[in-house]
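Protein sequence lines correspond, in order, to chains A and B. Residue 1 is where the first sequence starts when you use the UniProt record's numbering, and the numbers rise one by one after that. Residue 1 is where the second sequence starts when you use the UniProt record's numbering, and the numbers rise one by one after that.
FYI, nobody ran anything at the bench for these hints, they're computed from the structure. The reader is advised that the hints may include incorrect statements.
With the Cβ distance kept under 7 Å, some of the chain A side facing chain B (calculated, not the full set) [as the list claims (entries may be wrong)]:
#1 G96
#2 N168
#3 M174
Calculated from the model, a selection of chain A residues having no Cβ within reach of chain B, i.e. all distances over 10 Å [stated by the list, open to error]:
#4 I77
#5 R92
#6 Q102
#7 L128
#8 A129
#9 D159
#10 A166
#11 L169
#12 F177
#13 S239
#14 V246
#15 V247
Straight-line distance between alpha carbons at most 27 Å, and here's what the computed DSS-like set of lysine-lysine pairs gives [stated by the list, open to error]:
#16 B/K153 to B/K112
#17 B/K59 to B/K74
#18 A/K186 to B/K132
#19 A/K175 to B/K104
#20 B/K101 to B/K65
#21 A/K175 to B/K107
#22 B/K112 to A/K175
#23 B/K15 to A/K97
#24 B/K243 to B/K181
#25 A/K175 to B/K15
#26 B/K15 to A/K95
#27 A/K186 to B/K104
#28 B/K128 to A/K186
#29 B/K101 to B/K74
#30 A/K175 to B/K128
#31 B/K252 to B/K282
#32 B/K20 to B/K74
#33 A/K175 to B/K310
#34 B/K59 to B/K104
#35 B/K304 to B/K337
#36 B/K101 to B/K128
#37 B/K167 to B/K132
#38 B/K337 to B/K310
#39 B/K151 to A/K175
#40 B/K65 to B/K21
By construction, the Cβ of each residue, glycine as well, lies at the ideal position given by its N, Cα and C atoms.
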Amino acid sequence: MSRKLPKYFFNFVCLLVYIFLLAPIVVVLLSSLTTTEYIVFPPEGLTLRWYTELIEHPEFMQSFTLSIIVAFGTAIIATAIGTLASLAVVRRQFKGKTAIVQLVGSPLLIPSVVFGVALLQFYSWIGLAASPLALILGHIILTVPFVMRLVVASLVGFDRSIEQAALNLGAGPMKVFFHITLPIIKSGVIAGAIFAFITSFDDLTVALFIVSTDVVTLPVRIYTYMQYQYDPIITSVSSIMILFTVVLMLIIERVLGVGKVFSSKN
Amino acid sequence: MSYLSLENVVKTFNKTEVVKKLSLDIQKGELVSFLGPSGCGKTTTLNMIAGFLEVDGGKIEVDGKPVHLLPPNKREMGMVFQNYALFPHMTVFDNVAYGLKLRKVPKSEISKRVFEALEMVRLAGYEKRYPKELSGGQQQRVSLARALVIKPKVLLLDEPLSNLDAKLRQEMREEIVDIQKQVGITTIFVTHDQEEALAISDRIAVMYEGRIEQVDDPASIYNHPKTDFVSQFIGEVNHIQGKVLETYENKKCKLHFFGNEQIVSVPSVKNSEVHFFIRPEKIQIALAGSNERNEAFQTRVERKMFLGAKTRYILKVHDRHLIADISNTVLNPTEIKEGNSVYTYWNPEDLLPSRMAR
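Let the hints inform the model, and build the full structure from the sequences given.
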C-alpha cells in the first residue's frame with residue numbers, strides 16, 4: 001500500500017467533494033438575483049429586487065429575530081448543561097451513570113418528527129403555550145447530546161494534575177474551573193455551542209410542532225411561505241440565512257480560530 | 001520540635017489499607033525522600049500531605065498546626081508533579097505568576113518575584129514561551145519555580161525526574177538539591193529510584209506496603225539496613241546461609257559457610273542456620289595461589305561482565321551463585337577468565353544479618 005496516488009488526483013477528488021457540498025448554496029445565492037417572478041437557475045438577469053421586497057414582508061424579519069433569540073438561548077443553556085454534564089460523566093462514578101449517558105444521548109437516535117410529536121403532547125399536557133421559551137426548551141433537549149459529544153471528547157485525556165497544581169497554588173474549586181479547566185477544554189465547549197446554535201437556528205422538524213401563528217421561526221416561515229407561493233423571496237431569505245451563518249463563522253474564526261475550535265486541542 | 005509531622009496517618013481504598021498508621025517527623029529545612037516500590041503508598045502519603053486525598057485516620061501537622069482537615073488550596077504547600085502539570089494555556093511567566101496573582105500580590109512585586117524565581121531555575125528569558133515550546137527539563141524547572149515562588153511551607157516533589165533521560169536526571173537532581181539548600185525549604189521527595197534517593201536526601205524513609213520500614217540517613221540505610229526489605233530493596237544483595245557451629249557470649253558465633261569457618265556477630269541465634277545478605281561489592285576474590293586467606297573458599301567464575309569502572313563476576317559454589325563486583329583498579333579483569341577457580345572471601349562485618357527464618 002506504499003504506492004502513492006498522484007497529488008493532482010487527491011486535489012481533484014477534493015474539488016469534486018467541495019462542488020458537491022457547495023453547489024446547492026451557490027444555486028440558491030445566484031437564483032435569488034433573478035429578474036423573473038419565479039425561481040430559476042441560472043438566473044435570468046441580475047437584480048436585488050427580491051431583497052428589497054423583503055421589506056414588505058416584516059414577518060420574515062420577525063421570524064429571523066425570533067430564530068436568533070431562540071438559537072442564542074439554546075446555545076448558552078445547552079452548552080452550560082452539556083459542559084457540566086460532561087464533567088460529571090467523565091469524572092465521577094455514580095449510580096445510574098450509564099442510564100443517564102444513554103438517556104442524554106437518546107435524542108440523537110429518536111427521529112426528530114417523533115420528538116416533535118412528543119414535545120407537542122407534553123407541552124399541551126403541562127399547558128406550556130408556543131413561546132420562545134418552549135422552543136428553547138425543546139432545542140436544549142435536541143442539542144445537549146451534541147455539546148456533550150464534543151466536550152466529553154475534549155475532556156478525555158485531560159490531565160487532572162493540572163487542576164491539582166492550581167489547587168495547590170491556592171485556587172479554590174471555582175477558580176480552578178474558570179482559570180484552568182474551562183480554558184483548556186474551551187475548543188470543545190465553543191464547538192459545542194456553535195453546533196447547538198446552528199442546530200437550533202436550522203431546525204424545522206421539531207419547531208413545526210411547537211410554533212403558533214405569532215411565534216414562527218425562520219425555517220418554519222420559509223416552509224409555510226413556500227406552500228403557497230414559490231417566488232424568489234424564498235431564495236433571498238435563504239441567502240440571508242446562509243450569509244448570516246458565514247458571517248457568524250467568520251467572527252468566530254477571527255476571535256478564536258475555527259480551525260482550532262474544530263480540531264482537537266493543542 | 002519537628003516542622004512537619006505525620007502521626008498515625010491511615011488511608012483506605014476499597015477497604016484495603018494502603019497507608020497503615022504511618023508516623024514521621026521532619027525537621028525544618030530537611031530533605032526527606034519517600035522511597036519504595038510502586039504501590040508502597042508513597043505517592044498516596046504525599047497526596048494526603050498536599051490535601052488531594054483525605055486522611056482516614058491520624059493527623060498531619062505543619063509548624064505545630066494541624067492541616068489535615070484543610071482543603072489543598074489552604075495548605076500553603078508547593079508541589080512539583082511527575083508530568084510537570086504546567087498550565088498549557090499560559091505562558092511561563094503566567095504559570096509562575098499564577099500563585100502570586102491568587103494571593104493578590106501587587107503587580108510590580110509579582111514580576112520581580114517571577115523573574116527571581118525563573119533566574120533561580122536558570123530560565124530567565126523564557127517568560128513568553130508556552131509550556132509546549134519547552135523541553136522536559138525546562139518544563140520541570142518552570143514547575144519548580146512555580147511551586148517555590150509562593151514561598152510555601154513545604155515543598156512536595158512527586159517523582160519529579162522520572163520523565164527525564166538519565167543524564168538530565170542527574171543534572172536536575174543536583175540542581176534541585178542546590179536550590180532546596182539555598183532556599184532552606186522543608187522538602188519531601190517521592191521516588192522509586194534508590195540511587196536518586198541516596199544521592200540527594202538528608203534522610204530516606206523506605207516504604208513498603210503502606211509502612212515506613214526504616215528512616216535514616218542514606219549511609220545508614222545502605223550500610224545498616226534494619227529490615228530484610230530494606231536490605232534487598234536498597235542496592236543488590238547476595239543471600240547466604242551459614243550453619244551455626246558454636247555460639248559464644250557477646251552475640252558472636254562460629255559459622256560454617258561453603259566449607260569454611262568464620263566468626264561473625266549475630267543479633268540472636270535461634271536455629272541451626274543463620275541467614276545473611278552481602279552486597280556484591282563487599283565480596284572479594286583472588287586468584288588461586290595468590291594472597292590466600294584462612295577464611296577464603298573456592299568458587300568457579302561462571303560469567304564475567306565488564307561494567308566500565310568495575311567488573312561483575314558470577315561465581316558458582318555448591319550449586320549456589322554469588323555476585324561479586326570488583327573494581328578494575330583492584331583486580332585487573334583480564335587476569336581472570338571464565339571457568340577459573342578463584343578464592344572468595346569477605347569481611348565478617350560486611351554481612352548484613354537477615355531476620356528471615358531465624
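Numbered hints the structure breaks, given as an ascending list: Those not satisfied are hints 1, 3, 9, 10, 11, 24, 25, 33, 34.
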